[in-house]
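**Student:** Using the sequences provided together with the hints, build the complete structure.
Those sequence lines, one after another, are chains A and B. Those letters in the first sequence? Residues 1 to 422, by our numbering. Those letters in the second sequence? Residues 1 to 306, by our numbering.
Read the hints as simulated data drawn from the structure, not as lab findings. Careful: at least some of the hints might be erroneous.
Here are the computed distance ranges between Cβ atoms for each label pair [unchecked claim]: (1) B:Y293 x A:D142: 38 to 48 Å; (2) A:L154 x B:L239: 53 to 63 Å; (3) B:P181 x A:T156: 25 to 35 Å; (4) A:P115 x B:K247: 34 to 44 Å.
We put the CB at the ideal spot given by N, CA and C, even for glycine.
So the chains spell out like this:
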Amino acid sequence: MSVITVDNISKHYIIDHKRGKGGGTLRDMVSENVRSWFGKKRPGDEQVTHEEFWALRDVSFSVEQGDRVGIVGHNGAGKSTLLKILSKIIEPSSGSVRIRGRVASLLEVGTGFHPELTGRENIFLNGSLLGMSRSEIRKQFDAIVDFAGVEKFLDTPVKRYSSGMYVRLGFAISAHLDPEIMIVDEVLAVGDAEFQKKSLGKMRDNSASGRTILFVSHNLTAVQALCNKTLYFEKGQLLEQGETNAVIATYLSKVSRTRLCRSWDTPGEAPGNDLVRIKRIELIPQYPDNLTHIDVRTPMRVRFEFWNMMDRANLNLSMHLNSLTGECIFNVGSQSQSFEKGVVSGECVIPGYFLNDGSYTISMMIVKDTVTPLFNMEEGLTFDVEDYREGVAWYGKWPGYVRPQFGFTMDSLVAEPLNQRV
Amino acid sequence: MIPVGSEQWAGLTQVANYILPTVHCLLPTLMRTQEVIIQPGRSERHYWRDLWRNRELLYILSMRDVSVRYKQTALGAAWGLIRPLTTMLIMVFVFSKVAKLPPDPGIPYPLMVLGGITVWTFFATAFTQVSNSVTLNSNLVTKVYFPRLLMPLSSVAVSFIDFLVSLGLFVVLAIWYRFIPDWHLLFLPVFIVLAMLASFAFGLFFAVINVRFRDIGQLIPFIVQIGFYICPIAYSSRLVKTEWYYKFYILNPMVGIIDGFRWALLGERAYFDPRSILISVVLVLVCLTLSVYFFRQRENSFVDDI
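**Tutor:** Written out as structure tokens, the structure is:
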């Protein structure tokens with residue numbers, strides 16, 4: 001049974017370019033009306049343009065009971081607008097939504113928290129804003145306080161809370177809601193790593209009890225861990241929906257812009273500073289015969305050139321290889337060496353059968369005397385590694401960031417049939 | 001497993017047959033999952049029921065405003081006492097001692113003034129709070145759904161608490177002057193409710209405009225200031241009843257409410273024109289209906305404009 005049916009939802013705004021700078025005050029409107037009554041027009045009034053902006057356009061999908069749906073897309077893709085429409089905060093311009101069941105939406109951690117009120121008072125305030133009754137809150141009160149770990153500060157105004165405590169308290173309240181459908185927007189982006197893990201775990205527990213969850217996040221790992229289905233939005237349109245791993249793969253392939261070589265001709269336009277400037281950064285794949293794309297087998301060389309503008313300096317290079325979600329997979333540094341003024345180059349080899357399939361970025365840092373970073377070229381290069389398998393009948397996503405081929409052998413040690421063992 | 005048809009289960013089956021139809025009748029109510037349909041132009045069909053269901057939220061929002069009001073002040077709720085007291089003392093000095101305005105015959109001037117201040121301050125603060133209620137809660141409007149009328153409704157609470165404090169002050173002063181109210185006091189709640197409805201009726205309208213045009217924030221204190229002088233607070237309506245402009249004067253809905261409030265507290269000796277209260281009731285009810293309608297029309301676009 002589908003609990004949420006979204007049918008051709010659109011939301012558009014009219015952007016009035018004339019009013020763009022000041023915002024409409026009563027005076028503007030009054031003076032405008034007066035002028036138009038008297039048939040006078042200020043020169044420039046004709047330049048008023050109304051531009052339509054579609055935050056969402058013709059979006060349809062349905063969510064089954066117990067689904068955990070991830071929503072991914074760039075900033076401004078319409079994810080939050082969608083959640084706000086589902087939460088009844090924004091009215092759609094056209095289309096309709098049908099929702100069966102009690103909805104709790106969590107667009108912000110600690111909605112309505114008042115800085116002057118104590119933690120205790122805010123639990124009741126926020127809880128009832130999220131749709132809990134006072135008796136429900138009273139029943140869950142100890143669990144909330146315990147989850148947030150703020151026992152000692154219950155009667156302290158939340159303005160005196162550390163930001164971590166504030167977020168923990170906010171999340172704890174929403175984690176103890178008991179709705180049939182839960183709408184969550186990017187709340188895991190806050191809080192420290194340990195708390196994020198705890199919250200994700202709590203959400204997974206919730207979903208295990210048959211609850212439907214809609215979850216917007218930029219953290220693809222979290223989406224992958226939590227959601228079984230995913231919607232991918234781009235510029236207000238639903239580009240793809242389906243099984244999470246497949247949709248995320250599409251998303252990643254759309255966002256990655258493969259850039260294997262970047263170079264600058266003169267130091268004037270090159271990125272860098274007065275001490276060093278980047279001249280060239282290049283990824284050179286060592287393709288085996290008749291291959292034109294990088295796959296898991298391909299060895300690569302990363303070549304790097306920069307202008308050194310210092311007389312005699314001890315320099316070394318430090319390369320970070322990151323996943324597209326920003327996690328560092330490894331960091332290698334070169335030997336430190338003394339250089340005169342001029343162009344310096346470096347090269348690093350990434351062997352084949354090392355990286356798993358996926359999208360990666362390379363950052364290069366120039367370091368002086370092995371301790372002082374002079375310049376960090378972030379996301380200097382972006383590249384994709386495609387999948388390649390031999391002799392494997394399984395085609396699921398190969399887990400992990402690396403796919404090394406370490407020696408792994410098997411032998412049969414017991415020769416006789418097992419059922420004759422004494 | 002024992003077959004259901006066997007002897008010892010017969011009794012149980014009978015009981016079950018007796019209960020089951022009842023359960024079947026109950027099931028639809030028990031299993032009823034509420035279905036919500038979101039469409040443009042279709043604001044919640046069950047708006048008023050929703051409003052009632054959210055009464056706990058109304059209480060909590062009211063309590064929030066009340067408990068925040070005097071947070072981190074040294075004197076706390078005493079401010080609710082200090083303000084009407086000083087206003088009264090100054091007005092006694094300016095209007096009674098300096099300008100020599102006469103009170104209604106048989107009524108001490110301070111008592112008359114305090115009666116007026118009490119109900120006017122209640123109206124004025126409630127009116128101001130209601131006008132600002134939506135904009136002050138903009139963080140809620142953009143982040144969570146609830147019937148938006150809860151915001152203006154809850155904002156009345158603070159001024160009501162202040163009003164009760166001020167009324168207490170009036171009682172003390174009445175005892176000081178050995179003034180004993182009579183049966184007129186029974187009508188007091190009527191005028192209190194009317195003052196509240198008036199603040200709501202006028203405030204709600206401005207609350208909606210305020211979302212789009214913040215000019216309202218500048219306008220409200222100005223309206224309140226003017227109101228203070230054109231309403232019978234420092235003086236009695238008796239002084240103007242023979243003037244040519246009296247017929248315009250009583251068109252002010254607050255005239256009836258303030259005079260009526262004083263009449264309920266101080267009895268027959270206070271001046272009270274029944275026509276004025278009729279005008280108040282009609283005006284307040286008409287404005288209230290229009291304001292609520294206006295609010296309901298606009299509330300779905302608050303989030304886009306705020």
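**Student:** I want to verify a distance hint. Is the separation of the beta carbons of Y293 (chain B) and D142 (chain A) within 38 to 48 Å?
**Tutor:** 45 Å, holds
**Student:** Verify the CB-CB distance for P115 (chain A) and K247 (chain B) against the hinted window 34 to 44 Å.
**Tutor:** Because 51 Å falls outside the window, the suggested range is violated.
**Student:** Has the hinted range 25 to 35 Å been met by the Cβ atoms of P181 (chain B) and T156 (chain A)?
**Tutor:** 46 Å, violated
**Student:** Could one say that the CB atoms of L154 (chain A) and L239 (chain B) fall in the range 53 to 63 Å?
**Tutor:** 57 Å, holds
Checked against the numbered hints above, the structure breaks hints 3 and 4 and satisfies the rest.
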